[in-house]
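Given next are the chains, with one letter for each unit.
2 protein chains.
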Amino acid sequence: MLSAVGIVAEYNPFHNGHQYQLQAARRRSDADVVIAIMSGNWVQRGAPAIYDKWIRTEMALAAGVDLVVELPIFSAVQPADRFATGAMQLVTQLGCQSLAFGCEHPEYDFAALGQIQLHDDAQHFTNYQQPYPALIQSALRDQFGVSIDQPNDILGFNYARALDELGQRLNLIPIQRIGSQHHDQGVHTQFASGSAIRQLMVSGQQSQIAAVMPPSGVRLSASETPLSWQSFWPLLRYQLMTTSLEALTQRYQMTEGLEHRLRASAIKHPQFDAFLNAVKTKRYTFARIQRLLVAVLLQLNSSEMLDQHPYLRVLGFNRLGQAYLRQVKKQIQLPIISKIDQSVLQSQLRAEFKAGLVTQMKTHRSEDLYRHPIIKK
Amino acid sequence: MLSAVGIVAEYNPFHNGHQYQLQAARRRSDADVVIAIMSGNWVQRGAPAIYDKWIRTEMALAAGVDLVVELPIFSAVQPADRFATGAMQLVTQLGCQSLAFGCEHPEYDFAALGQIQLHDDAQHFTNYQQPYPALIQSALRDQFGVSIDQPNDILGFNYARALDELGQRLNLIPIQRIGSQHHDQGVHTQFASGSAIRQLMVSGQQSQIAAVMPPSGVRLSASETPLSWQSFWPLLRYQLMTTSLEALTQRYQMTEGLEHRLRASAIKHPQFDAFLNAVKTKRYTFARIQRLLVAVLLQLNSSEMLDQHPYLRVLGFNRLGQAYLRQVKKQIQLPIISKIDQSVLQSQLRAEFKAGLVTQMKTHRSEDLYRHPIIKK
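Protein sequence lines, in the order shown, are assigned to chains A and B.
Everything in the first sequence is counted per our numbering, starting at 91 for the first residue and increasing by one.
Everything in the second sequence is counted per our numbering, starting at 91 for the first residue and increasing by one.
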């Protein structure tokens with residue numbers, strides 16, 4: 091019997107920090123198989139992945155991941171709690187005994203934090219006007235005396251909490267993030283943040299990436315055009331200009347008249363950065379706004395993002411990953427999708443398909459239809 | 091008191107045939123003022139105009155038209171009968187005594203043909219499954235013994251019929267179209283069809299156009315990028331890929347499951363021509379399909395194309411045109427629009443504004459907001 095450790099990742103793109111995490115996960119879990127639950131073509135902070143899911147799957151497999159499973163867009167492009175819930179459903183369905191995740195404070199007892207009591211908390215009702223993350227922060231302070239405010243700590247906490255709610259006990263392996271902070275734009279030593287690396291790639295400074303990415307990642311990205319919001323801005327802008335306000339209000343997380351603000355700003359600003367800054371208010375984070383922009387671009391309504399049934403879509407594997415998949419197949423209750431034809435795309439993968447078609451306008455290769463998992467020899 | 095002759099035009103682009111028609115209209119009507127009712131940025135056969143409405147207005151003014159008025163998109167991108175009705179509302183509101191139009195058979199008595207009796211015809215009810223144009227053809231044969239099957243004859247007949255229905259008697263001046271046929275692709279002598287000229291321009295053979303366009307038209311088009319469906323195909327394709335089928339069915343003239351065919355063809359074919367040919371069936375003309383594509387691209391639903399109140403929007407004039415406008419202003423019952431601000435765009439000009447914004451993504455100049463009529467000194 092093979093054992094497995096799960097990692098939730100975006101690999102946007104795969105860099106030395108991921109490599110370090112991967113090795114630590116394998117070593118500390120003592121698992122035979124490393125499984126990555128990976129965002130597809132659109133990532134959690136509300137942006138296109140810099141390379142499509144196939145290139146990023148190849149990067150992961152080349153670096154030693156044994157099995158890559160897609161986190162569906164209705165889980166991937168979501169706030170941390172929904173993102174974590176979707177990922178943990180897949181991790182537990184796949185029978186992982188451990189979950190490894192990078193975080194800023196590995197000394198926290200995430201398993202304990204995950205058992206936080208929210209709904210019994212009277213404040214939940216009296217302070218209902220408080221945003222949800224703030225509610226959780228105050229409960230964490232009250233019950234554990236900690237304040238969790240770093241992005242990866244927050245994700246780790248949400249994984250633990252989702253597992254608790256799913257009634258699953260996994261061996262949690264928090265791994266200290268090393269080198270650059272997540273949003274740090276600098277490139278130091280052999281570690282750099284994903285955003286710093288994306289910045290280098292988009293601005294064409296690819297010569298500098300060899301220091302911070304494994305050679306396979308450098309090779310795989312060499313012939314790819316990096317994608318960013320710039321790539322899709324003409325389509326988004328056109329969409330904001332032509333969609334009726336009634337239709338815009340139906341997009342996922344369109345609230346409080348944001349549709350007026352979005353449309354007016356799109357008409358006024360020909361450049362994406364100026365548009366985004368015009369739309370931004372103190373009330374919303376950039377991630378919140380950008381996820382909304384993904385919903386507008388892909389015409390995703392609330393039902394497409396909330397009322398979906400999870401599925402397990404395999405993006406790639408090596409022999410070990412394949413053997414593991416064979417081993418656990420019978421216990422998996424979700425539909426397992428590896429062959430993608432029209433019928434699947436029109437039912438379960440509808441939102442994914444739309445997302446892929448738009449990506450495809452830039453990558454010029456099929457993102458879903460008739461694609462099979464990548465098999466690494 | 092100044093008198094006026096009306097011309098309905100697309101000037102797509104303005105060529106020597108239009109110049110000939112313009113001179114003949116002025117001479118034969120003996121009018122002081124020539125008024126062109128001109129399609130805006132999208133034309134009747136369902137396509138973007140090769141140059142935007144401002145360049146085409148300048149072309150018309152340079153060639154001697156005195157006043158250019160926009161035919162709103164909800165009249166312009168319509169079958170011949172609705173196109174003619176919208177145009178004749180404007181012509182009569184503007185107090186034109188004559189209407190000049192090019193046609194293949196100027197010997198027809200268009201005024202008489204326009205009085206055709208359709209609704210009293212029992213066949214109208216028994217043959218209700220017959221398409222509307224076929225119904226009219228058979229009535230023309232029965233009542234007048236003529237068969238009208240040339241594109242400009244058909245438009246002329248529809249002008250006459252619309253005037254009859256509006257209870258207006260105008261002096262009709264049918265002018266023989268000379269030189270090339272409307273869809274002829276060749277360039278002979280000094281006359282060539284609009285489609286032949288567009289072909290030359292899109293394929294970059296601008297050197298040949300000097301023979302078939304007035305010098306002012308050549309000059310005005312020199313620095314412009316010609317627009318075609320190719321220019322907007324990425325946006326249209328993206329729209330077909332992401333719009334829900336429910337929303338697609340609401341687009342103007344989306345019937346009989348065409349939305350499925352359109353979407354599947356858009357996904358399959360990366361090139362516009364292949365897409366269009368895949369969509370085409372015997373049942374529909376290219377113009378019918380292409381008008382539907384305009385509705386999809388601009389997200390125009392039936393209410394936006396059918397339940398609109400006409401208005402009179404001035405695109406440009408010379409001193410004579412200005413004097414004439416001043417003379418008739420008081421009798422005009424429609425709202426006269428010359429200054430374009432947000433309030434006008436959100437009410438009367440809503441569909442026009444959307445159409446202009448999409449054009450603007452290619453012309454990079456405001457098509458509507460804060461634009462004033464062009465004044466030719």
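If you're looking for bench data, these hints aren't it; they were derived computationally from the structure.
In this text, a Cβ means the ideal position worked out from N, Cα and C, and glycines have one as well.
Please note: incorrect hints may appear among the correct ones.
What the hints assert, rightly or not - One-sided excerpt, in silico: chain A residues whose CB lies under 8 Å from chain B:
no., residue
1, Leu290
2, Pro324
3, Tyr328
4, Ser355
5, Ile357
Cross-check of the supplied hints:
{"no.": "1", "hint": "Leu290", "result": "violated (28 Å)"}
{"no.": "2", "hint": "Pro324", "result": "holds (7 Å)"}
{"no.": "3", "hint": "Tyr328", "result": "holds (5 Å)"}
{"no.": "4", "hint": "Ser355", "result": "violated (13 Å)"}
{"no.": "5", "hint": "Ile357", "result": "holds (7 Å)"}
Taken one by one, the earlier hints fail for this structure at numbers 1 and 4, listed in ascending order.
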